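Protein chains: 2
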Amino acid sequence: MSDKKYALIIIDMQNDFVLPGSPACVAGAYTTIPCIKRLLGFFRTNRFPVFHVIREYRADGSDIEFTRLHGFLNNKQYVVPGTKGCDIVDGLSPVEGEYRIIKNRFSGFINTELDFMLRRIGATHLVICGTQYPNCVRATIFDAISYGYPVINITDATSAQTSQIADANIIDLKNIGVDCISLDEFLNLF
Amino acid sequence: MSDKKYALIIIDMQNDFVLPGSPACVAGAYTTIPCIKRLLGFFRTNRFPVFHVIREYRADGSDIEFTRLHGFLNNKQYVVPGTKGCDIVDGLSPVEGEYRIIKNRFSGFINTELDFMLRRIGATHLVICGTQYPNCVRATIFDAISYGYPVINITDATSAQTSQIADANIIDLKNIGVDCISLDEFLNLF
Numbered sequence: 001m002s003d004k005k006y007a008l009i010i011i012d013m014q015n016d017f018v019l020p021g022s023p024a025c026v027a028g029a030y031t032t033i034p035c036i037k038r039l040l041g042f043f044r045t046n047r048f049p050v051f052h053v054i055r056e057y058r059a060d061g062s063d064i065e066f067t068r069l070h071g072f073l074n075n076k077q078y079v080v081p082g083t084k085g086c087d088i089v090d091g092l093s094p095v096e097g098e099y100r101i102i103k104n105r106f107s108g109f110i111n112t113e114l115d116f117m118l119r120r121i122g123a124t125h126l127v128i129c130g131t132q133y134p135n136c137v138r139a140t141i142f143d144a145i146s147y148g149y150p151v152i153n154i155t156d157a158t159s160a161q162t163s164q165i166a167d168a169n170i171i172d173l174k175n176i177g178v179d180c181i182s183l184d185e186f187l188n189l190f
Numbered sequence: 001m002s003d004k005k006y007a008l009i010i011i012d013m014q015n016d017f018v019l020p021g022s023p024a025c026v027a028g029a030y031t032t033i034p035c036i037k038r039l040l041g042f043f044r045t046n047r048f049p050v051f052h053v054i055r056e057y058r059a060d061g062s063d064i065e066f067t068r069l070h071g072f073l074n075n076k077q078y079v080v081p082g083t084k085g086c087d088i089v090d091g092l093s094p095v096e097g098e099y100r101i102i103k104n105r106f107s108g109f110i111n112t113e114l115d116f117m118l119r120r121i122g123a124t125h126l127v128i129c130g131t132q133y134p135n136c137v138r139a140t141i142f143d144a145i146s147y148g149y150p151v152i153n154i155t156d157a158t159s160a161q162t163s164q165i166a167d168a169n170i171i172d173l174k175n176i177g178v179d180c181i182s183l184d185e186f187l188n189l190f
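Protein chains in written order, with the numbering used here: chain F, 1 to 190; chain G, 1 to 190.
Please keep in mind that the hints were generated in silico from the structure rather than gathered at the bench.
Warning: the hint list may mix true and false statements.
The list treats identical chains as interchangeable, and a pair is accepted whether it falls inside one copy or across any two copies.
[As the list claims (entries may be wrong)] Derived pair list, reagent style EDC-like, types lysine to aspartate or glutamate, alpha-carbon separation capped at 20 angstroms:
1. K174 x E65
2. K4 x E65
3. K5 x D63
4. K4 x D179
5. K4 x D184
6. K76 x D63
7. K37 x D3
8. K37 x E185
9. K37 x E96
10. K4 x D90
11. K76 x D179
12. K37 x D63
13. K84 x D3
14. K37 x E65
15. K174 x E56
16. K5 x D179
17. K5 x D90
18. K76 x D115
19. K37 x E113
20. K37 x D90
Remember, predicted model here, so these are calculated numbers, not experimental data.
Let the hints inform the model, and build the full structure from the sequences given.
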């Protein structure tokens with residue numbers, strides 16, 4: 001597998017999306033932390049590149065999707081820079097040499113430096129996990145395929161509000177050629 | 001509703017994706033033709049703008065997604081410019097004044113002039129239909145929301161390989177604020 005260069009992309013594992021009771025909690029996200037931690041450990045041990053792709057929204061709502069604006073301003077704010085809720089969850093914090101990419105749309109490729117940086121480091125294959133399946137994870141994976149990156153999605157390191165939603169998304173992802181496998185299956189490749 | 005300017009986006013209704021037995025046939029697409037035709041008639045009658053967003057792949061495979069390359073070169077080619085299969089299906093052909101946008105990725109916004117043109121004509125709301133739900137339709141809708149366009153998806157004018165796949169995608173689309181309604185419900189807005 002020496003001709004492949006894997007990069008890990010962990011999406012939106014921030015307190016406001018992950019912690020139970022948080023303002024924009026994705027029900028399945030909290031229980032994926034140990035699995036993502038193992039995956040991250042593997043990348044660190046092998047000195048493979050790691051990208052933490054996260055959301056930020058300005059407190060005045062000026063950069064949020066319009067479909068979320070009303071709720072954001074009236075009921076609850078989330079992932080506002082400088083708040084605790086915006087931080088990556090304990091256990092998955094970036095360490096020196098890992099990249100932090102801020103997006104404020106679904107896809108990590110929209111108006112970010114992600115593609116430039118992946119090209120610069122010569123990444124050939126992307127390993128993608130995080131939350132949540134139907135939105136940011138899927139949009140990022142579709143764009144990754146569009147830009148020419150083979151994608152491995154680690155299913156037990158990726159979450160949704162329900163297992164039905166996760167399963168339906170996995171079907172669609174497999175149908176466009178994404179390799180959706182468990183962490184153990186991934187680690188067995190090496 | 002006078003402050004709203006609707007544009008219709010019809011996706012990938014080409015012979016190779018739609019006709020039964022065609023090389024890349026989407027099972028549900030053929031039966032949506034009458035519904036899309038009615039929708040198109042409404043836009044023409046009202047002189048609202050229409051965009052026919054279609055796929056093209058060069059015959060040597062140089063621009064196709066890598067996940068589809070092997071099948072394209074070895075088993076079947078489809079939507080190759082100049083072939084009958086690449087044409088929009090009978091009954092939905094563009095007329096003068098309608099726009100034809102060629103994409104070769106899932107989203108109609110990737111490396112196309114679609115957003116520039118929508119801004120130029122002052123479109124405020126997009127009505128999106130065509131084939132197929134999990135891929136080009138959904139990727140285009142997610143990007144439309146990302147770029148700030150409210151989206152109405154006409155469910156009976158949009159298709160997938162199975163109704164289960166269509167239904168699962170509609171759930172995800174509604175969850176990000178897309179208005180998924182039938183043609184009759186849409187026409188009743190006016």
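Comparing the hints with the structure gives:
Taking the closest pair of Cα atoms, K174 and E65 come within 20 angstroms of each other only across two copies (14 angstroms); inside a single copy the shortest separation is 28 angstroms, beyond that limit. Taking CA atoms no more than 20 angstroms apart as the test, K4 paired with E65 passes between copies only; the shortest distance there is 19 angstroms, against 36 angstroms inside one copy. Taking CA atoms no more than 20 angstroms apart as the test, K5 paired with D63 passes in neither setting, with 34 angstroms inside one copy and 23 angstroms between copies. Taking CA atoms no more than 20 angstroms apart as the test, K4 paired with D179 passes inside one copy only; the shortest distance there is 15 angstroms, against 42 angstroms between copies.
Taking the shortest alpha-carbon separations for K4 and D184, only the intra-copy value of 19 angstroms comes in at or below 20 angstroms, while the best inter-copy value is 51 angstroms. For a Cα distance limit of 20 angstroms, the shortest separation of K76 from D63 inside one copy, 15 angstroms, qualifies, whereas the shortest one across copies, 44 angstroms, does not. Taking the closest pair of Cα atoms, K37 and D3 never come within 20 angstroms of each other, the shortest separation being 26 angstroms inside a single copy and 50 angstroms across copies. Within a single copy, K37 and E185 get their C-alpha atoms as close as 16 angstroms, which meets the 20 angstroms cut-off; across copies the closest is 47 angstroms, which misses it.
Taking the closest pair of Cα atoms, K37 and E96 come within 20 angstroms of each other only inside a single copy of the chain (16 angstroms); across copies the shortest separation is 57 angstroms, beyond that limit. Within a single copy, K4 and D90 get their C-alpha atoms no closer than 30 angstroms, and across copies no closer than 46 angstroms, so neither meets the 20 angstroms cut-off. Within a single copy, K76 and D179 get their C-alpha atoms no closer than 36 angstroms, and across copies no closer than 23 angstroms, so neither meets the 20 angstroms cut-off. Proximity of K37 and D63 under a CA criterion of 20 angstroms is satisfied in neither setting, with 30 angstroms inside one chain copy and 37 angstroms between copies.
In this assembly of identical chains, K84 and D3 lie within 20 angstroms of each other by CA distance neither inside one copy nor across copies; the values are 40 angstroms within and 40 angstroms between. Neither within a single protomer nor between protomers do K37 and E65 lie at most 20 angstroms apart by alpha-carbon distance, with minima of 30 angstroms and 32 angstroms respectively. In the homo-oligomer, the alpha carbons of K174 and E56 never lie at most 20 angstroms apart, since the shortest distance is 29 angstroms inside one protomer and 23 angstroms across protomers. For a Cα distance limit of 20 angstroms, the shortest separation of K5 from D179 inside one copy, 16 angstroms, qualifies, whereas the shortest one across copies, 41 angstroms, does not.
For the identical chains of this complex, K5 and D90 are neighbours neither inside a copy (27 angstroms) nor across copies (46 angstroms), given an alpha-carbon limit of 20 angstroms. Taking the closest pair of Cα atoms, K76 and D115 never come within 20 angstroms of each other, the shortest separation being 32 angstroms inside a single copy and 31 angstroms across copies. With identical chains, the CA atoms of K37 and E113 are never at most 20 angstroms apart, being 25 angstroms at best within one copy and 41 angstroms at best between copies. Proximity of K37 and D90 under a CA criterion of 20 angstroms is satisfied intra-copy only: 10 angstroms inside one chain copy versus 54 angstroms between copies.
Of the numbered hints listed earlier, those contradicted by the structure are 3, 7, 10, 11, 12, 13, 14, 15, 17, 18, 19.
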